[in-house]
Amino acid sequence: MRLQLSLLGSVLAAALAGCGGSSPPPSGAVVADLRTSVYQDSDQTTIGSGVVAVRARPTPEWTIGAHYLVDITTSASVDVVSAATGRWDEARNEGAGNLAWTDGWSTLSGGYVYSRENDWESHTGSAGFSQDLDDHNLTLGLGGAFVYNTIWRASDPTFREQQWQASGSASLVGVADPSNILQLNYNFSYVDGYQASPYRMARLANSDNVPVLLYLPERHPRQRMRHALVFRWNSAVSPDAALRTHARAYLDDWGIASLTIGTELRADVGDGWQLGAMVRGYGQLGASFYQDVYQRPMRFMTSDRELSSFVDAFLGPRLAWRGQHQGPFAELRWELKVMGFAFYLPEFSRLETRYGFVAEMALGGNL
Amino acid sequence: MTRSLRSASIAVMGLLALGGCVGARPWERGDLAAPKMQFEPDPEATALEQHVYQYREGAAGGYGGGGGGCGCN
Numbered sequence: 379m380r381l382q383l384s385l386l387g388s389v390l391a392a393a394l395a396g397c398g399g400s401s402p403p404p405s406g407a408v409v410a411d412l413r414t415s416v417y418q419d420s421d422q423t424t425i426g427s428g429v430v431a432v433r434a435r436p437t438p439e440w441t442i443g444a445h446y447l448v449d450i451t452t453s454a455s456v457d458v459v460s461a462a463t464g465r466w467d468e469a470r471n472e473g474a475g476n477l478a479w480t481d482g483w484s485t486l487s488g489g490y491v492y493s494r495e496n497d498w499e500s501h502t503g504s505a506g507f508s509q510d511l512d513d514h515n516l517t518l519g520l521g522g523a524f525v526y527n528t529i530w531r532a533s534d535p536t537f538r539e540q541q542w543q544a545s546g547s548a549s550l551v552g553v554a555d556p557s558n559i560l561q562l563n564y565n566f567s568y569v570d571g572y573q574a575s576p577y578r579m580a581r582l583a584n585s586d587n588v589p590v591l592l593y594l595p596e597r598h599p600r601q602r603m604r605h606a607l608v609f610r611w612n613s614a615v616s617p618d619a620a621l622r623t624h625a626r627a628y629l630d631d632w633g634i635a636s637l638t639i640g641t642e643l644r645a646d647v648g649d650g651w652q653l654g655a656m657v658r659g660y661g662q663l664g665a666s667f668y669q670d671v672y673q674r675p676m677r678f679m680t681s682d683r684e685l686s687s688f689v690d691a692f693l694g695p696r697l698a699w700r701g702q703h704q705g706p707f708a709e710l711r712w713e714l715k716v717m718g719f720a721f722y723l724p725e726f727s728r729l730e731t732r733y734g735f736v737a738e739m740a741l742g743g744n745l
Numbered sequence: 501m502t503r504s505l506r507s508a509s510i511a512v513m514g515l516l517a518l519g520g521c522v523g524a525r526p527w528e529r530g531d532l533a534a535p536k537m538q539f540e541p542d543p544e545a546t547a548l549e550q551h552v553y554q555y556r557e558g559a560a561g562g563y564g565g566g567g568g569g570c571g572c573n
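Chain order of the listed sequences is A and B. Going by this note's numbering, the first sequence opens with residue 379, and the numbers climb by one from there. Going by this note's numbering, the second sequence opens with residue 501, and the numbers climb by one from there.
Since the hints were made in silico from the structure, they are not lab data. Warning: the hint list may mix true and false statements.
Pairwise CB distance ranges (calculated) [what the hints assert, rightly or not]:
#, chain 1, residue 1, chain 2, residue 2, range
1, B, Arg525, A, Gly503, 24 to 30 Å
2, A, Gln540, B, Arg525, 19 to 25 Å
3, A, Thr414, B, Arg525, 29 to 35 Å
4, B, Gly530, A, Gly503, 37 to 43 Å
5, B, Arg525, A, Leu477, 28 to 34 Å
Just so you have them, the derived chain A footprint on chain B, three or more residues with Cβ under 8 Å [stated by the list, open to error]:
#, stretch
6, 524-538
7, 551-563
Note that CB positions come from ideal geometry on N, CA and C, so glycine has one too.
Given the sequences, and given the hints that come with them, work out the whole structure.
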C-alpha cells in the first residue's frame, strides 16, 4: 500500500532544476547514471530500489532527460499485521521524462511522471521557470505541478478512490560571497481526495490499554494544505571541503508542525576520491486527530504512526570517486553511501522504536 | 487561513533577506562551481534519499527528491 502524498517534492525539484540547484550536462554530452539502494528496518520491512537515468544536452539551449525506477518492497510491518493482512510484497514501476530550455539566464522546464503499482496509479505534470539576476549572483525560481492519483485495494474491486494534488514553489538562490551560497525555498501543496490507507485500521478500546475491542477503517480529512520553508547553506570551508547545512520548518492544517535540521561534510582527499559524513535530525508534533487507541468512534481516525508526535535521526558516511577522461568516458563516477537511523515514537505503542539502515551505491558516466 | 498567510509572509520576508546577498564576481566562483557545492549535485540521489524520509515522516516538501511510495505503511 502506498499513498502518494509527496511526489510533488520531486516534481518541483525537477521543475526548479535550473535555479542554482543542479547543473545541466555539458553541451553535447550524454550523462547516464545507475543507482541502487537497500532499505532495512526493525519493523520487518525491506525495500530494494534501482533507478536508471539519462540526460542529454544536444544543443547549448536544450536538455532532455528520462528515468526509469523500480522498487520492490517486502514487509510484515506492525501496521498491516494488526490489520490481519500479514506479510506483503509488491513492486512499483515509474517512468519519467523532462525537457528544459535555457539561454543562460532564463530556464523553462517541464516534465511528466507515470507510476504504477498493484494498488495505485499516478500521473504528474510539472512546469518551472527560473531567472538569473545580478550577474548570476541571484536566481529566482517558480514552479508548479499537478498530480492525479487513483488508489484501490488489492483484490477488492469494490474499493476505488481518487486523489489530486496541486503544488507551487518559489525559490531564491543567492551567492553570498566566493565561499558561500544560500537557498531559500517555499513550497505549498493542496491535496484533495482519499488520503487514508485502504489497509490500515484505527483501534478502538474502552481504555488506553488493551484489549482493543474493535478495528475501524482509517478516516482522514479529504483536504490537506501543507507548507514547507527550507533554508540551505553550502559553504566552502576550504578549497577541498564543503559543509552543506539545511533546515526546514513545516506546517499543515492537520496540525502537524515539524523541524528538520541537518548537515553534511564532503572533502576531496586526492586522486578524485571524496569522503563525507552526514547527520540529520527531525521532530514533529502529531496531527490533531491522531490517537494510539480511540475511546470512541471519531469523525477522523488514523493508525498512521507518521501522523503521531515523534523524533528521528539519521547519520552515516559517504565515499565517492570521480575521474576525468576514463577510456571513452569524459567522466566516470562511483559512490557508496550508508545511513543508519533511529525513530522514537512514544505515541505509537505497537512499536515505539524503529531503527535500520539504508545503503546506496551508484555508478555514472558522461559520454 | 491565518496560519497560511503567516507562513507566506515569513517566506516572502526570507526571500527578501536572501536578496541582500553580496555575491561574487565570475572569476571568484571557482569553489562555488565544484559539484560538492551544488544543492542538487545528483537528482537521483536526492530522490532516493528524500523518498526514505517522506514516507516515514509527516512532513514533506521543500527539498525536492522523493517519489512514489515504498514501505510507506
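Against the structure, the hints:
{"no.": "1", "hint": "Arg525/B / Gly503/A: 24 to 30 Å", "verdict": "39 Å, violated"}
{"no.": "2", "hint": "Gln540/A / Arg525/B: 19 to 25 Å", "verdict": "52 Å, violated"}
{"no.": "3", "hint": "Thr414/A / Arg525/B: 29 to 35 Å", "verdict": "41 Å, violated"}
{"no.": "4", "hint": "Gly530/B / Gly503/A: 37 to 43 Å", "verdict": "38 Å, holds"}
{"no.": "5", "hint": "Arg525/B / Leu477/A: 28 to 34 Å", "verdict": "32 Å, holds"}
{"no.": "6", "hint": "524-538", "verdict": "holds (count 13)"}
{"no.": "7", "hint": "551-563", "verdict": "holds (count 13)"}
Violated hints, in rising order: 1, 2, 3; the structure is consistent with all others.
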